[in-house]
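Chemist: Below, each chain spelled out in residue letters.
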Amino acid sequence: MYVTAWLPIATLLTQVLTRGGTIGWREAAAIVFPMCLLYSFICQASWYLCRAVPLRIAPPGQRFESETVRLIGSHATAAVVSAAAWVAIGWVWASIIGSTFNISGIASRYVTQMPMLFISGVVLFVIAVAFNYLLITFEVSRKAESKALELQVLAREAELKALRAQIDPHFLFNSLNSISALVMADPAGARRMCVLLADFLRGSLKLGSKERIPLVEEMRLAECYLDIERVRLGARLKIQRDIDPECEACLVPPLIMQPLVENAITHGVAPTIDGGVVSLQAERNGAGVRIVVENPVEDEAATKNGAGVGLKNVKMRLANLYDGDARMDVNQNAGRFRVELQLPCDRELRT
Amino acid sequence: MRVAIVDDEELARKIVREYLVDLEDVEIVAECANGFEAVKAVTDLKPDLLLLDIQMPRLDGFEVLELVGREVSVIFVTAYDKYALRAFEVHAVDYLLKPFTPDRLRKALIRARGRLDSRQPFPATEVAAAARPPGAHLERVAIRDGANVHVIPVSKIDYVEAQDDYVCFRAEGKGLLKQQTLGDVESALDPAQFVRVHRSYILNIDRLAKLELYAKDSHAAILRDGTRLPVSRSGYARLNAVLK
Numbered sequence: 012m013y014v015t016a017w018l019p020i021a022t023l024l025t026q027v028l029t030r031g032g033t034i035g036w037r038e039a040a041a042i043v044f045p046m047c048l049l050y051s052f053i054c055q056a057s058w059y060l061c062r063a064v065p066l067r068i069a070p071p072g073q074r075f076e077s078e079t080v081r082l083i084g085s086h087a088t089a090a091v092v093s094a095a096a097w098v099a100i101g102w103v104w105a106s107i108i109g110s111t112f113n114i115s116g117i118a119s120r121y122v123t124q125m126p127m128l129f130i131s132g133v134v135l136f137v138i139a140v141a142f143n144y145l146l147i148t149f150e151v152s153r154k155a156e157s158k159a160l161e162l163q164v165l166a167r168e169a170e171l172k173a174l175r176a177q178i179d180p181h182f183l184f185n186s187l188n189s190i191s192a193l194v195m196a197d198p199a200g201a202r203r204m205c206v207l208l209a210d211f212l213r214g215s216l217k218l219g220s221k222e223r224i225p226l227v228e229e230m231r232l233a234e235c236y237l238d239i240e241r242v243r244l245g246a247r248l249k250i251q252r253d254i255d256p257e258c259e260a261c262l263v264p265p266l267i268m269q270p271l272v273e274n275a276i277t278h279g280v281a282p283t284i285d286g287g288v289v290s291l292q293a294e295r296n297g298a299g300v301r302i303v304v305e306n307p308v309e310d311e312a313a314t315k316n317g318a319g320v321g322l323k324n325v326k327m328r329l330a331n332l333y334d335g336d337a338r339m340d341v342n343q344n345a346g347r348f349r350v351e352l353q354l355p356c357d358r359e360l361r362t
Numbered sequence: 005m006r007v008a009i010v011d012d013e014e015l016a017r018k019i020v021r022e023y024l025v026d027l028e029d030v031e032i033v034a035e036c037a038n039g040f041e042a043v044k045a046v047t048d049l050k051p052d053l054l055l056l057d058i059q060m061p062r063l064d065g066f067e068v069l070e071l072v073g074r075e076v077s078v079i080f081v082t083a084y085d086k087y088a089l090r091a092f093e094v095h096a097v098d099y100l101l102k103p104f105t106p107d108r109l110r111k112a113l114i115r116a117r118g119r120l121d122s123r124q125p126f127p128a129t130e131v132a133a134a135a136r137p138p139g140a141h142l143e144r145v146a147i148r149d150g151a152n153v154h155v156i157p158v159s160k161i162d163y164v165e166a167q168d169d170y171v172c173f174r175a176e177g178k179g180l181l182k183q184q185t186l187g188d189v190e191s192a193l194d195p196a197q198f199v200r201v202h203r204s205y206i207l208n209i210d211r212l213a214k215l216e217l218y219a220k221d222s223h224a225a226i227l228r229d230g231t232r233l234p235v236s237r238s239g240y241a242r243l244n245a246v247l248k
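In the order they appear, the protein sequences are chains A and B.
Here my numbering runs 11 ahead of the position in the first sequence, where the first position is 1.
Here my numbering runs 4 ahead of the position in the second sequence, where the first position is 1.
Just so you know, the hints here were simulated from the structure itself, not pulled from any lab data.
Keep in mind it's a predicted model, so treat the numbers as computed, not measured.
Check each hint, because a few of them may be wrong.
What the hints assert, rightly or not - Simulated restraints on C-beta separations: (1) B:Ala224 - A:Arg252: 40 to 46 angstroms; (2) A:Asn342 - B:Leu49: 40 to 46 angstroms; (3) B:Gly150 - A:Ala196: 34 to 40 angstroms; (4) B:Arg115 - A:Ile284: 51 to 57 angstroms.
Even for Gly, the Cβ is constructed at its ideal location relative to N, Cα and C.
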């Protein structure tokens with residue numbers, strides 16, 4: 012394929028060689044075609060040089076010139092050397108043909124055409140270099156494209172993984188321990204707890220595989236989680252809910268509230284001796300929906316921290332999914348820790 | 005054997021009690037809902053054994069052990085397996101993972117009984133070090149004062165002073181004594197925040213107002229509240245390295 016591309020060039024060079032009128036076209040062809048075959052390989056080798064001296068957008072300032080000089084210099088040197096070598100080999104070849112087929116004076120007649128051939132050689136080399144740079148640039152952009160695609164896939168996978176990892180296994184162990192304690196003293200309570208736990212697990216598995224779910228389902232799951240924790244924490248956990256029915260149909264990413272309520276328990280209520288109120292609120296806010304989770308928090312310095320991973324994940328998910336149309340605000344004031352989500356209230360899935 | 009149950013969850017205490025009442029020669033002397041109550045129970049009631057949860061409000065299981073470990077054996081009871089290694093490093097008798105069977109608890113108690121007669125001297129310092137994940141610095145100091153416990157966040161500490169076998173934590177105008185060496189305190193605190201300025205002093209650099217030269221090679225640190233602390237030559241070098 013590459014070599015056949017050189018056929019027209021060889022033909023052209025034959026024309027060049029016969030131009031002087033001193034070489035017949037048959038002789039010219041006999042010299043030029045093998046020479047072109049050879050030169051096609053030399054030009055192909057320039058690809059390595061292009062790789063070694065990549066085209067770069069020079070940083071602003073002084074380095075630009077030295078970079079350009081280096082680039083042009085190396086290619087010019089390579090072009091001159093290859094063209095000269097090529098023409099010299101051509102002369103040797105012409106002499107061989109001359110002596111083998113007994114065509115007298117072909118070598119000396121060839122010499123008269125040498126400058127012309129040399130210039131053609133340089134031009135061809137430069138064209139080859141330009142062509143190679145084109146190829147390299149094309150390859151780079153294709154690689155960048157596949158890399159971007161790969162990253163997209165990775166981000167998606169990370170998102171799914173985050174969803175699955177959201178259920179803290181210690182939540183399960185503690186719940187099982189509660190059930191174990193209830194079995195003798197309060198069998199009905201143990202059964203109720205089993206059902207709650209089953210509902211929660213089933214819900215989070217089912218909802219986690221969807222892209223968007225109505226807010227009412229998300230709220231139900233969060234409340235189910237809090238009901239389970241209330242069995243464990245007893246009177247220390249009080250729950251307050253204030254959900255505007257208006258926003259129940261809004262579509263939200265599944266389990267987006269789960270890290271918030273989990274955080275409210277593990278870093279809010281559980282580390283306090285007297286416990287407190289966890290409140291869930293949701294209301295319409297213009298075209299969107301505002302979701303607020305609030306919990307009590309101990310004097311910051313006295314508690315061991317470690318919160319924040321779950322919240323960071325939520326923030327990242329929102330940024331990925333809504334591209335700046337959603338926001339999360341966290342603040343702490345007068346012993347209350349408050350996380351507020353503002354999402355667009357979609358009625359159908361965005362693409 | 006006299007046992008105290010320590011867990012912040014009522015149901016978790018309930019199941020331990022339920023398992024224990026069937027056992028002969030086990031007497032439940034206290035049920036505690038947090039670490040403070042546990043220290044008080046150990047002081048007042050002198051139980052032989054604590055069944056101790058780890059994740060509790062304000063004062064966690066390791067901190068309780070650090071404070072009362074000389075007087076009582078401990079079996080940890082927790083849903084987290086990640087503390088198991090550290091628990092045995094601090095000579096806990098056993099480590100029960102929630103939920104557990106009555107049999108498992110019985111085995112742990114047999115172990116505890118075996119240990120009662122041959123109790124080793126208790127390494128409180130090791131407990132303090134093991135209570136932290138590797139690489140983490142101390143975030144709060146728990147100090148026992150009889151049946152009471154003071155918890156000081158390290159950010160509130162002004163400086164720490166060595167006093168014979170004790171160290172004195174100075175915070176908010178008060179001084180609290182703890183039996184520990186200054187070297188152990190130094191290695192537990194964040195070195196970017198607390199600097200050993202002298203053989204007998206560790207300083208919270210946030211409290212430093214200025215440094216005065218008062219003799220050749222000898223400095224004094226003036227704190228924001230006017231306190232003067234001596235700074236040794238090597239302490240001055242350490243201080244300079246941190247402040248840079």
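Chemist: Against each hint, give a clear statement of whether it holds in the structure.
Modeler: Hint-by-hint comparison with the structure:
no., hint, in the structure
1, B:Ala224 - A:Arg252: 40 to 46 angstroms, "violated (59 angstroms)"
2, A:Asn342 - B:Leu49: 40 to 46 angstroms, "holds (44 angstroms)"
3, B:Gly150 - A:Ala196: 34 to 40 angstroms, "holds (36 angstroms)"
4, B:Arg115 - A:Ile284: 51 to 57 angstroms, "violated (31 angstroms)"
Comparing the model with each numbered hint stated earlier shows that hints 1 and 4 do not hold.
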